[in-house]
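Protein chains: 2
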Amino acid sequence: MKFCSHCGSDAVTFSIPQGDDRPRHLCGGCGAIHYINPRVIVGTLPYLEDRVLLCKRAIEPRLGLWTLPAGFMENGETSEEGALRESWEEARANVRVDDLYTIYDIPHINQVYLMYRGELSDTNFGAGPESLEVALFREDEIPWEEIAFPIMRETLEHYFADCRKGSFALHRGIIQRKL
Amino acid sequence: MKFCSHCGSDAVTFSIPQGDDRPRHLCGGCGAIHYINPRVIVGTLPYLEDRVLLCKRAIEPRLGLWTLPAGFMENGETSEEGALRESWEEARANVRVDDLYTIYDIPHINQVYLMYRGELSDTNFGAGPESLEVALFREDEIPWEEIAFPIMRETLEHYFADCRKGSFALHRGIIQRKL
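Those protein sequence lines, which keep their order, are chains H and L. Converting from the first sequence to our numbering requires adding 54 to each position, the first position being numbered 1. Converting from the second sequence to our numbering requires adding 54 to each position, the first position being numbered 1.
It is worth saying that the hints were derived from the structure and are not from the lab. Mixed in with the good hints, there may be bad ones.
Calculated lysine-lysine pairs in the DSS-like style (CA-CA distance at most 27 Å, straight line) [claimed, not checked]:
#1 L/Lys-219 - L/Lys-56
#2 H/Lys-110 - H/Lys-232
#3 L/Lys-56 - H/Lys-56
#4 H/Lys-219 - L/Lys-219
These figures come from a predicted structure and were not determined experimentally.
Make the full structure from the sequences, and use the hints.
Put into structure tokens, the structure is as follows:
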């Protein structure tokens, strides 16, 4: 942030406001404090019988790698509505949500993921503008070495383990920066 | 947003960028798109034997009403770390987290709440700068008519119902705008 979005001043510093305990984008012109907070990513794990739906990414980051449909939650929607919207946008997938399935914190990139598990209600899926390809995979068909993000790999691993157990609990996790 | 935080231009409109499907704060000067997304509120339900800890708010909104300790999740922390930080800041409470307990969407104010349930590890709690008073309440002592926010009331109701059942599942909910 170079300029204050309230007054247009260029006197924005990253410093600790009075009464606070951490640096914020602080305007020396009008005194506005601009808070920047973590963002929520919402998505689904769509399944059909023993297969799950994955999207091959048409955009960076991780273009060409596979992921579950997910994206930034928008203002004015619930997390489940956002997850269904992203599933439609990226995979033209219609999903009947069973339940919230995984919650992951990724603190080094200031993200919280909420992933919902649900059955595909039809097979009319297909690539939206952010996907090169959308397909269903059995566990042994999953391109494990080409999964775009650790959160997605872990969510898939939980899913197939829970399928074997026959019960689907909520899983919480943290993805730490790779050292 | 009146001015672009990238270039300082005052040509910021709230309009739909090319290739998008909803209005954003869009700079006519440099072309920057400024996304505004929901924020995450993290907190705890601290209990000790048959009582729960509540804070009387020293700040607006709902000054003077009671709430569970919670606040905006900060960049660089996990949701559980944020919940523990808020519990310390508002109530000087040390909480041993059992598990994530409630997740609420509040779409009309663009918020997602993540509330963790946990036992107080000591009774050295007390009012932080945002609280007038901090105290423990049995179910029949809770000032139900003076609870600051519906999400907190519902979380407390779930808790005491689960206490009677003897099991604590995750609860999801949506708080809609009052009509």
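Quiz item: Does the structure break any of the earlier hints, and which numbers would those be?
Solution: Hint 1 alone not satisfied by this model.
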